[in-house]
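Participant: Read off the chains here:
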Amino acid sequence: MMQAGQRKNLPFLIGNYVLMLAFAAIFILPLLFMGFSSLKPNDQLLSDATSIRAFLPVGDLSLENYTAAFARAPIATFIFNSVLVTGVTVFLALLLGSLAAFAFTFLNWRGKDVLFSVILATLIIPFETIAVPLLLEVNNLPWIGSNGFTWGWLNSWHVQIIPWIADGLTIFLFVQYFKDLPKELLEAARIDGAGWLRIYAQVVMPLSGPVIATAAILKFLVMYSQQYLWPLLVTQSEAYRPVMVGLQYFFQLNTPWGEVMAYLTIITLPVLIFYLCLQRLFISSIAASGIKG
Amino acid sequence: MALFSSKGKLTRDGFIGWFMAGPAMVLIGLFLITPFLLGLGFSFTNQRLTSPNPTEFVGVENYTRLLGIGVLTLEPEREADGSLKQGADGAISYPRIRNFTRNNPDYPYLEGMREYKSFTWGENQIFILARDVVFLTALVNTLSFVAVVAPVQAALALFLALLVNQKIPGVTIFRAIYFMPVVLSVVVVALLWRFIYAADNGLLNSLLSYMSFGLFQPVDWLGRTDTALWAILVMSVWQGVGFHMVIWLSGLQTISPDLYEAADIEGASRWQKFSMITWPLLRNTAVLIIIVITMQAFALFAQIDVMTKGGPRDSTQSIVYQAVERGYRQQDIAAGSAISVVLFLLVLCISLTQRYLTREKQ
Amino acid sequence: MTTKAIFAGAATALSMLFSTTALAQTDLTMWYHGAGNVEERKILAGIIEDFNSSQSDWRVSLQEFPQSAYNESVTAAALSNKLPDILDVDGPNMPNWAWSGYLQPLQIDEAKLANFLPGAVGKWGDKLYSVGLWDAAVAVFARKSVLDENGIRIPTLDQPWSGEEFNAALEKLAASGKFDYAIDLGMADKTEWYSYAFSPFLESFGGSLIDKENYQTAENVLNGDSAIKFGEWWQSLFQKKLAPGTSQSPADHETGFLEGRHALQWMGNWVAVKALEKYGDDLLFLPAPDFGNGPKIGAGSWQFGVSATSKHPEGASAFIEFAIQDKYLAQFSDAIGLIPATSSAAQMTKNYKQGGPLEVFFELSKRQGTLRPVTPAYAFISPVFSKAVSDIANGADVADTLDNATDEINNNIERNSGYQPK
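Protein chains in written order, with my numbering: chain Y, 222 to 514; chain L, 272 to 633; chain R, 70 to 491.
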């Protein structure tokens, strides 16, 4: 399916584009709905929502909703918190997850298979079901920070980061990817006498662009867009709240839908930016380096 | 699975293995496994979220309350002379179940059960009763959901991945667009789809009506018990397919293009290239995808919470939604934990079966 | 040397002076459910500032939470032993929070509450736990022109519609063909609204969510004949397409009445101002219909209380006592459109004073307001009732659904040993 720059038959190419455009139309609708609605006044937004006008930038467009949204909630604080928490978690997750996956895939050690099965089993546990026990647990953990030694992690950044660093999905992603790497590379490095850590850092990870990008964006999404219940339980002041809890600021008795859309548009930007930055990594370096499989 | 496996030397890389995997293992053990075990412990008690009453150990009571099932066969009501009693519309009537399930000393094992499903067998009506009808409905709904979502979403994601894996201009933009729904919060997605599915002037109804020249009658997608779950399914697939497309893509990247060049030289068709090069080499990714999709499908919660809250009439109940409903909203953390444990065991069995069926035949 | 000593002595004396002043003012934390509501924050901040500067013993600081997340945040804080000193609580939840150990009784002069609307005073087990600055009410929003056009009598507080009159009116409006639906009940709002707005109908039929003698069982009140009549009437509304059902979209709910697609709306007075802007003099707020047991509407809104773990309940109570002055009640009412808790405060507001546009709501609340059951079991009863009402609206068997709800409630009460106060 990979046509390396060769001109195949034109009908096929056109057919391809038509198909891709059709899907693109289906998938881009909510973005258009959200973006255009954020520019419309509330009443028009709601009445447009019942027709095709929902996806069109028509009517009374302005940036009013954005200014009102900023007045209603400390959006900058929320975004800062989310980006900080998400960034640190993603970085540590990639590091620890890939290290563990490397150990599971390439190394021989006692207990490896059992542990791996346990990790896979943790994939099944939906967060909502362990939220309360986890809350009780973090209340009883010690922490050494700017206030010295304290008990309980509530209302902080680390309580939003540390429980989330290691997860089965990231490890599983890396493992399945590592298993497909060409074995000759590692054999060559071993024969040269390289230690495992060196092989990890200089042989395997440079070839892991695609999986790093995949794991990074998936983890980013979980931490940024899907995290709601946990921050709700553990943050008690605006200084630590992330964006999804901030969203609730906009659901009042008279919901200002325009501001909701404005807020959602604003908070979607960091994710989009992160995703676009990763685009380069999604394409394999194996294919680029021309190693025969 | 290890690169240099040789029996009897399992501890060769012992230290470095534990060193590299250690941090992640400790964190998972501390923050995923420990709370789960704690929850497991709760499920054997009558722990409430907060309550002045002391917590007591109740054994498996939470589980029997959840999973108890019974069957009851009822004969139709008869008149004094033995003929069938018929209602105004000619329907045969049966005695009310409540007479058997509440305080009936002849049927102690049916105490507290409610009707789940019933069907007619000859003259009699056979009732399947359950102690927790809502949970049973949630279980069946979730299983149906998973059975449909897994193949559909996996296949669609693969199709899209193949589509955007081509080196044609503009493909990066398409890849980004296909990923859009995943990036958006479930709130915006649910809102949009509520408008799409609305019964009066909903976008979907309008579109279908337009395309069928007015023949199509508007359907209340979210309001009918037979369409609500599938409406949510379509929305789920639409939102989640980009996620799995990206995973398929990373798997596709490990396939060297030289293989395809060689195939081209031999004059292979597109289908042959796919079935003989791509598909076999995607095996590891396929295993990953199927396992992940299954697990995520079992965790169906957010869309229901925002759109239908389990309705109409329990047709969109899911296991996790019930766990949250019991645990938080009804403050019965023990029952919520019991549901989580049941879910865990269920999914564990299914994924073990999946792994067995997809194991590498050495 | 002596100079140094004098300076040292002076410095020590000064620092002691300052530290004693600082020590004397104790910090109190307060949580409020209204994050994102700009007007409420302004008023609260004003009250807090006035309080802080009016005395030097206590200093209150505010932390706001979004409403939809508030209850869960409080529960999490209680589990972690990190409750604030002052917090507000939604009226019907107060007994549950008091029973669960989140709240302690208030230490304020109860004589000050003599003129308060019953829905704004939170008592459980004869102890006062919370007091609110306002109450909320529900009415039938209608347009005079529409009623006149269809020959429907306009009901008054003394002579509300009877059940039959109400049903006849709905059918007439539906038959006129000018509306999508005769009445919008707000089925799109799947929160506490269902229990708040619809349990009064149940009560009007003669049923109830729980036996109000002992609060131990719902048998015969939730599944008795009156309740079944309510259920059948409720189901008929949707079968006859008189009201949009559970799949109503939020847009339809927010704009339906305002854009004329719905003839009537059963709605709370927090949207009254918006409706007034649209329809002006043509707008009417009609009392609830009387289905046999008197016309009833809901009562009880957010109220302030003191947390059980507060180390300074006297200070917390002092703040609450300060906050219930008439001028603050009036400020809140003007800002958010809800009913101030006393009639004297009502005279100071623009909407509820004599001749004000929303004046009728004050009487409505006083005469028809029915508190949701004052029991810790309410936290469980509410979602169960919501589900029952939802299922019946979607066609479930009325008697079975109500029976099941009753069973669930009774089981829950039993499993909690009757929710007895300690």
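Just so you know, not all the hints are guaranteed correct.
To be verified - Reference listing, derived: stretches of chain R covered by chain L, where coverage requires no fewer than 3 residues with Cβ under 8 Å from a Cβ of chain L:
{"hint": "1", "region": "135-148"}
{"hint": "2", "region": "166-176"}
{"hint": "3", "region": "318-326"}
{"hint": "4", "region": "334-344"}
{"hint": "5", "region": "441-452"}
{"hint": "6", "region": "455-466"}
{"hint": "7", "region": "482-488"}
Everything labelled a hint here was simulated from the structure, so no lab data went into it. Yeah, the Cβ is synthetic: ideal placement off N, Cα and C, and Gly gets one too.
Participant: Look at each hint and say if it fits the structure.
Facilitator: How the hints compare with the structure:
1. 135-148: This one holds; 4 residues, not fewer than the three required, reach chain L with a Cβ under 8 Å.
2. 166-176: holds (count 4)
3. 318-326: The restraint on the region 318-326 of chain R holds, since 4 of its residues have a Cβ under 8 Å from chain L and three suffice.
4. 334-344: That given contact is violated, which follows from only 0 residues of the region 334-344 of chain R lying within Cβ reach (below 8 Å) of chain L.
5. 441-452: holds (count 3)
6. 455-466: As far as the region 455-466 of chain R goes, the hint holds, because 6 residues have Cβ atoms under 8 Å from chain L.
7. 482-488: Coverage by chain L holds for the region 482-488 of chain R (3 residues, Cβ < 8 Å).
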